Amino acid sequence: MGTIQIENVSFKYDQMVNNLFDSLNLKIDESWKLGLIGRNGRGKSTLMQMLLGKLQYSGQIISNLNFYYYPQPIVDKNRQTIELVKELTNLEEYDMWKIEVELDKLQVKTAILNQKFSTLSPGEQTKVLLAILFIDDYGFQLIDEPTNHLDIAGRKVVSDYLKSKKGFIVISHDKAFLNQVIDHVISINRTDVDVYKGNYDTWEQEKTRQDQLELGEKNQLKKDINRLHETAVKRENWSRQTEKGKNKTGLQQVNLDKGFIGHKSAKMMKKAKVIVKRVDSEIDEKKNLLKNIEIEDPIELNYVKVDHPKNLITVDNLQLRHDEVLTPKVSFKLPVDTVVSLIGENGIGKTTVFKQILGIKQPFEQIGELHVAANAKISYLAQEDELAGNIRQLAFKKQIDAENIFSNLRKLGFERSLFDQSIENMSQGQKRKVALAISLSEEANIYLWDEPLNFLDVITRQQIIDAIKKQHPTMLLIDHDQDLIDEVSDQKIILQK
1290 MGTIQIENVS FKYDQMVNNL FDSLNLKIDE SWKLGLIGRN GRGKSTLMQM LLGKLQYSGQ
1350 IISNLNFYYY PQPIVDKNRQ TIELVKELTN LEEYDMWKIE VELDKLQVKT AILNQKFSTL
1410 SPGEQTKVLL AILFIDDYGF QLIDEPTNHL DIAGRKVVSD YLKSKKGFIV ISHDKAFLNQ
1470 VIDHVISINR TDVDVYKGNY DTWEQEKTRQ DQLELGEKNQ LKKDINRLHE TAVKRENWSR
1530 QTEKGKNKTG LQQVNLDKGF IGHKSAKMMK KAKVIVKRVD SEIDEKKNLL KNIEIEDPIE
1590 LNYVKVDHPK NLITVDNLQL RHDEVLTPKV SFKLPVDTVV SLIGENGIGK TTVFKQILGI
1650 KQPFEQIGEL HVAANAKISY LAQEDELAGN IRQLAFKKQI DAENIFSNLR KLGFERSLFD
1710 QSIENMSQGQ KRKVALAISL SEEANIYLWD EPLNFLDVIT RQQIIDAIKK QHPTMLLIDH
1770 DQDLIDEVSD QKIILQK
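Numbering-wise, the sequence shown is residues 1290 to 1786 according to this note's numbering.
Just so you know, these hints were derived from the structure itself, not from any lab.
Don't take every hint at face value.
[Stated by the list, open to error] Within a straight-line C-alpha distance of at most 30 Å, the following computed DSS-like cross-link-like pairs (lysine-lysine) qualify:
id, residue 1, residue 2
1, Lys-1445, Lys-1512
2, Lys-1686, Lys-1464
3, Lys-1644, Lys-1594
4, Lys-1398, Lys-1375
5, Lys-1666, Lys-1523
6, Lys-1618, Lys-1398
7, Lys-1687, Lys-1618
8, Lys-1455, Lys-1394
9, Lys-1343, Lys-1455
10, Lys-1455, Lys-1316
11, Lys-1454, Lys-1375
12, Lys-1594, Lys-1622
13, Lys-1496, Lys-1523
14, Lys-1666, Lys-1644
15, Lys-1343, Lys-1464
16, Lys-1666, Lys-1687
17, Lys-1486, Lys-1523
18, Lys-1618, Lys-1301
19, Lys-1496, Lys-1452
20, Lys-1599, Lys-1622
21, Lys-1394, Lys-1464
22, Lys-1594, Lys-1686
23, Lys-1686, Lys-1720
24, Lys-1452, Lys-1486
25, Lys-1786, Lys-1405
26, Lys-1644, Lys-1687
27, Lys-1445, Lys-1387
28, Lys-1398, Lys-1316
29, Lys-1322, Lys-1343
30, Lys-1786, Lys-1398
These figures come from a predicted structure and were not determined experimentally.
Let's have the full structure, built from the sequences with the hints guiding it.
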């Protein structure tokens, strides 16, 4: 039975002040289906890179397993898919049946092996790379965000596929997906790392129980500290008054034993100091509480409602044509304070519709009607974040107060130490939070959000859902996360071929 033994492992990146991992100890069985959970920037992908031997760390990782990572780096996507498979698996021609078996399980036609990888849809590319990952029956797979480019149907296929496998670690922020495929959880918390047996719901229930326990201990400790402070102050005041009293002259002091009073006040002063010391000790203990409770400050959109008698966006039998490509007809209306979700499989044209609404130049001929209210301010959160420079530079470019962006980032669990860092050096989740914070900060009458949950941790996802439900902005939404769509949508528009 193979295991992964992580012993006293510590690691930090060069630009960090504190360790990302500090004396980490874990023992993982090769048969476990592990979900790796934690807020963006906690080190989920870093842990995978350490297992792969790509990073230098102190301590040791002991294992006899072969580790395989998704997504594999593809240098030239214009090569035939079959050539990439051979390169990444070292399979000979007579062993190519193995990849065909895995592709069949993922409901992918083997004919795509003869296509250029670049011509495959994002979902097909994901499935090919996952099939490559599981060619080795003795491997241990490290799967980093497999659902980001999958539509709802694709997520179902991949979850069924992974349910049939054993021995992997998967990073995903899709709760429903994790509940389907994992039987253990590694939770990277604020101050430590825990392992749980069960799925995402099991972890969430246990985390809630622990948080409530810590909160109860904290509240009781605060009461104890207040009581101790009051006692210490009373005793200290009494001893001081007594010490002053022994030096008074007059008839009232004739029969008093000054030595007795001095001795008694000294004892009381000593007791008072002991109590103060105890209070200080209790305060130190209090600081260690709430160590893993995640702070979830509510976020707000800088939404400006407009009084408009008609719809802010009207789409009537809209199609976009380029050569042989023709998007499906779509019609919808977007009134004020309404959330409309566009739903459809990958590549059907949802993002293309968004770009047409925004007036972004595309090689498409428009068929049908599209009308956007004049002077409406639109905040666009793109599917792919093309951000460069640092946050202050972006704020200046977009004419947004940088402090508002920083405030929103802090609410999203973003570390202050990253504020001046180049965005190119951030993780995918951190980049996504910067893009989200910009959209939250800029004044808007309409929001166009294209897959806003990509790469974001589960806490941030819930913050987004709560903000949309509370403010109910005028919004067009694209996402494949069923929970988000069901919770916030007033209307669902389905695009079908």
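Status of the hints after comparison with the structure:
1. Lys-1445 <-> Lys-1512: 50 Å, violated
2. Lys-1686 <-> Lys-1464: 36 Å, violated
3. Lys-1644 <-> Lys-1594: 23 Å, holds
4. Lys-1398 <-> Lys-1375: This hinted pair holds, its Cα atoms lying about 17 Å apart.
5. Lys-1666 <-> Lys-1523: 62 Å, violated
6. Lys-1618 <-> Lys-1398: 28 Å, holds
7. Lys-1687 <-> Lys-1618: 34 Å, violated
8. Lys-1455 <-> Lys-1394: 15 Å, holds
9. Lys-1343 <-> Lys-1455: The given pair, whose Cα atoms are some 24 Å apart, holds under the 30 Å limit.
10. Lys-1455 <-> Lys-1316: 16 Å, holds
11. Lys-1454 <-> Lys-1375: 22 Å, holds
12. Lys-1594 <-> Lys-1622: 17 Å, holds
13. Lys-1496 <-> Lys-1523: 41 Å, violated
14. Lys-1666 <-> Lys-1644: 15 Å, holds
15. Lys-1343 <-> Lys-1464: This hinted pair holds, its Cα atoms lying about 29 Å apart.
16. Lys-1666 <-> Lys-1687: 13 Å, holds
17. Lys-1486 <-> Lys-1523: 51 Å, violated
18. Lys-1618 <-> Lys-1301: 51 Å, violated
19. Lys-1496 <-> Lys-1452: Answer holds: Lys-1496 to Lys-1452 is near 24 Å, not above 30 Å.
20. Lys-1599 <-> Lys-1622: 9 Å, holds
21. Lys-1394 <-> Lys-1464: Holds, at roughly 23 Å.
22. Lys-1594 <-> Lys-1686: Since the Cα atoms of Lys-1594 and Lys-1686 sit roughly 25 Å apart, the hinted pair holds (cutoff 30 Å).
23. Lys-1686 <-> Lys-1720: 17 Å, holds
24. Lys-1452 <-> Lys-1486: Status holds; Cα separation ~16 Å.
25. Lys-1786 <-> Lys-1405: Answer holds: Lys-1786 to Lys-1405 is near 24 Å, not above 30 Å.
26. Lys-1644 <-> Lys-1687: 19 Å, holds
27. Lys-1445 <-> Lys-1387: Holds - the C-alpha atoms of Lys-1387 and Lys-1445 are around 22 Å apart, at most 30 Å.
28. Lys-1398 <-> Lys-1316: At roughly 39 Å apart (the allowed maximum being 30 Å), Lys-1316 and Lys-1398 break the hint.
29. Lys-1322 <-> Lys-1343: Roughly 22 Å between the alpha carbons, so the hint for Lys-1322 and Lys-1343 holds.
30. Lys-1786 <-> Lys-1398: 19 Å, holds
Hints 1, 2, 5, 7, 13, 17, 18 and 28 from the earlier list are contradicted by this structure; the remaining hints agree with it.
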